[in-house]
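Trainee: Here is how the chains run, residue by residue.
Number of protein chains: 2
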Amino acid sequence: MTTYHAPLNDIRFALYDVLRADEMFSRLGYEHATRDVLDAVLDEAARFTEVVLAPLNAVGDRHGCRYDKDSGDVTTPPGFKAAFDRFVEGGWTGLTASPDLGGQGLPHTMGVPLNEMVNAANLAWGNFPLLSHSAIDALTQHGEPWQHDAFLKPLVEGRWTGTMCLTEPHCGTDLGLLRTRAEPADDGSYAITGTKIFITAGEHDLVENIVHLVLAKLPDAPPGPKGISLFVVPKFKVDRDGNLGGRNALRCGAIEHKMGIKGSATCVMNFDGAQGYLVGQPHRGLQAMFTMMNTARLGVGLQGLGLSDRAYQNALRYARERLQSRALSGAKFPDKPADPLIVHPDVRRMLLTIKSLTEGSRLLALHAATLVDVAEHAADPGERERADVLVSFLTPIAKACQTEWGVENTYHALQCFGGHGYIAEHGMEQLARDARITTLYEGTTGIQALDLIGRKTAATQGAGLKLFLAEVEAFCDEYEHRAGIAEFVAPLRDKATEWAALTRSILTRATDVPEELGAASYDYLFYSGYVALAYWWARSVAAAEASDRPEAFKDAKRETARFYYARILPRTRMHAAAMESGASSLMALPAEAFDA
Amino acid sequence: MTTYHAPLNDIRFALYDVLRADEMFSRLGYEHATRDVLDAVLDEAARFTEVVLAPLNAVGDRHGCRYDKDSGDVTTPPGFKAAFDRFVEGGWTGLTASPDLGGQGLPHTMGVPLNEMVNAANLAWGNFPLLSHSAIDALTQHGEPWQHDAFLKPLVEGRWTGTMCLTEPHCGTDLGLLRTRAEPADDGSYAITGTKIFITAGEHDLVENIVHLVLAKLPDAPPGPKGISLFVVPKFKVDRDGNLGGRNALRCGAIEHKMGIKGSATCVMNFDGAQGYLVGQPHRGLQAMFTMMNTARLGVGLQGLGLSDRAYQNALRYARERLQSRALSGAKFPDKPADPLIVHPDVRRMLLTIKSLTEGSRLLALHAATLVDVAEHAADPGERERADVLVSFLTPIAKACQTEWGVENTYHALQCFGGHGYIAEHGMEQLARDARITTLYEGTTGIQALDLIGRKTAATQGAGLKLFLAEVEAFCDEYEHRAGIAEFVAPLRDKATEWAALTRSILTRATDVPEELGAASYDYLFYSGYVALAYWWARSVAAAEASDRPEAFKDAKRETARFYYARILPRTRMHAAAMESGASSLMALPAEAFDA
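Protein chains in written order, with the numbering used here: chain A, 1 to 596; chain B, 597 to 1192.
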């Protein structure tokens, strides 16, 4: 069994010392988001996730969700409903939602530590409330007033949950191919018919109603992605006055047997003329979908972060407790039969890899969330616009890197346990299995990479990158002569310069050969992620030095940053070489010769 | 469900065209190992593994092994015993064993394609016969004549299977800590008492007897690894005339619930004064253990290879069938609703990564096995000695790289399936779960890395590396001006030079700071693996060009080699930078500050 302790110390460091988020909240007009309130929220979130959710993690894996063929009902694992009720009672579902809707009106940024903790404690459980946020965002931005009134409050209050019904058996990424149909009815509603798969929390027993946001095509839809419309389709019908009616014509047809997140219900949803309402304009569903996706992508990134942190804590504990062999330089604990694993350099390599990627990712995630707050609440429209461009640029990096690092980190943590890591009772293998979904759903890593280099870079002439590099340059200018920081500034500046040059090189090549974008995309994304983390590590050292934290904490930040620069940042060399090698090494082999 | 087709075409290319193994076998005196015989063996192995073993792979995962608490018996999954019987009838258990023992007397090298196919078809099943080879090797080299007579023939014939009982609950890597005791009895046997864990095939229903090779300590044992002795302890007693007696005092106490290889029985074995016999000299068990370990390590490397190949085949099939989105340069199949995944550069990146690592690994593995044959059978003692040094050097590289690449390759292959890869019915997630054990057992990757840089490099002043580099240099000299090959020769020579320089640099630093060895070990191992594969890819292109194979095959080898040099070999830059950064970035942080 793995344990979990919320990393409040590092969360507070990231929020207050590095990002100065409390000052920012005040500037943005979040008057009630005082340091006292924020601290109380963090403490309560830690208590809830450690005490209520974390012990249910292995339970969920062992029991899984159960599907009843006759009723189409899904039963969640023991304890999941009671935990959800407490989550709702605590007001957590509406933490960052508007008080008008029953929310607590805290900054979006505060959703990041909450969700990191929820995911670390129990990823599978966390998927039940997760997509409500996406549904709320889509309905808020694109829904009619009566839809706001009817759907938003119960979603915010956690009486209902939401889903995103995008994928069909023959199409995931390429939604232009979808076949689900929406026929107009006389009363202004639509009859939705089709099959959706991989619907997270599509059916379950935690709440009284489930609000599906469904992509479908109207009878007059143009072909391809421009013919997609968005509909809100509740499990129990909801009329225009918000009254709950009878069961809608939709049903869970099966749940998937998966590698992990077994406590999470991944549903096949069959819509058989179900009553739904158009959200937004006809054929403009893709736009509404991106609203949902961006929220969900940042949320899935936090799954990688949460799992990484839990994996680290348990690997560290084991590395300190497990006695095995002597240090190469001689016994460190001669009174014990052997030294603990943590004396061994290669075990330290694995631990420091996890630690540096995890604490760095925490800043990547929190920074992106502060930009969402700025984009919504800054007084200056230019500042709002810049924040929006920058968070759009950072979203695919955050999603893909945090999830791939989650896979890597849970890998290393399991490896620290040796053979014991492979055994179910230690719980490390569950973390690795659970992590594996995160690079697949809400857009695979390859899709994030294309989004970054295509829509977020090529299509904007690198607007997002320029904003980020300007921040990096400003930091470098400020700290280049500061004792204790300067050692990071020079290599960081070099990487920033190289990042810009690589970007120009790819975009130039892509004007002639469109495949150059796709061929560079994966390496460009990770290159970007590693340089971004180098920036956050340099800033972390600077912030730690400037703080009144204990020397051990400052040492840990400095030495972890040094490790990161010495042993992780060189991954950029591999990525730079790969993307500079161009598309031909990928495209030359004919498809039929792959097994010649 | 995944499918499997034995890659006979590439196996034959590697064996005959690249390694010219058939000529070598003849030179070594394997007169009956003619091309016809070898081809017939390959064809039969392909048939057996494709038809009998492959369909049982998912069955084994679903059913797992069952343990009966009352009897201590273990029941293997449905079909496993029938398949084992056919394996035995086919003479596969003795393929490379001496005819004196009932074996077929084929070269050790031929065990590699057999085991690659077995592992690809059904890794969990393959673990039942696997460790018999280790037991045979240990008994052959260290056992008394009566032990040869009593144990070897039934092991070779597959009537019995073997195990390696090393690990205990508190010690795996550090066997000096073990607590299992051996008390001398009046009749020259020993009473073995203790608990061993993680015993692969420790108990099962496939054969009539199980021969445990058990590490234990004699009453007068000096402390630490120098006090370990090896004992042979059968499940049913065997007297000095080879007669089977009653049940020995040992019992399976439990089987582990694991992440994967669920069809393989991983047993807790309790020895309660069980009758055993000393193998080799008292307190010299570690030496005998290394005999077993080296065989087993090369065998586990083949598990990574087999899984990689099966993963590739299925990912390739899916990438050709699944229609999703259009190529960035415009529709390639305008008559279809979308293009197949394989048109997309990033999907090709994943496929070519698997293909290049897998075909390269096949040569790494086969080459190592040819060296075992040379070390045993070459007429010239100097040649035998050199082969032994070289295979010792290559063994940790082969084990660690092939298994880590197995993890990576099954990762990419699953990723090619998108969300479907996470669903059990597609079978890709089983391959990923099964692969995860291979970097843990028979010495973790970290232990292989220490073995390579310590015992196999520092302790021998780089003797193995020098032999390998001499081969590389000879190849470079021969081909540096050859059209179609020269493009690989220059970068290969650079890497060979850098490899030697990095080695000198580490060994020099390690004379003052012993931790430098451990700190460089992981990156040194992978650096070595990637350069070794660069050599095998250059040689593959040369061999393909010189052959009369179809142009499509030659194209595939050349373009895959170009991909490897452009996009995989640059990983050496990251590893070189990391190992050159020295030990301080790993050792500076005090153990207690890892969660400061």
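Some clues are possibly wrong.
As the list claims (entries may be wrong) - Quick look at which bits of chain B chain A covers, simulated, 3 or more residues with Cβ under 8 Å: (1) 823 to 837; (2) 853 to 867; (3) 1003 to 1017; (4) 1144 to 1153.
Calculated directly from the structure, the hints in this document are not laboratory data.
Treat the numbers as computed from the prediction; the structure is a model and nothing was measured.
Idealized CB from N, CA, C, for every residue including glycine.
Trainee: Work down the list of hints and note, for each, if the structure agrees.
Mentor: A quick look at each hint next to the structure:
1. A stretch counts as covered by a chain when three or more of its residues have a beta carbon under 8 Å from one of that chain; for the region 823 to 837 of chain B and chain A the count is 0, and the coverage is violated.
2. With 4 residues having a beta carbon nearer than 8 Å to a beta carbon of chain A, the region 853 to 867 of chain B meets the requirement of three or more and the stated coverage holds.
3. Given as covered by chain A, the region 1003 to 1017 of chain B passes the check, having 7 residues with a CB less than 8 Å from a CB of that chain where 3 are the minimum.
4. With 5 residues having a Cβ less than 8 Å from any Cβ of chain A, the region 1144 to 1153 of chain B passes the three-residue criterion, so the hint holds.
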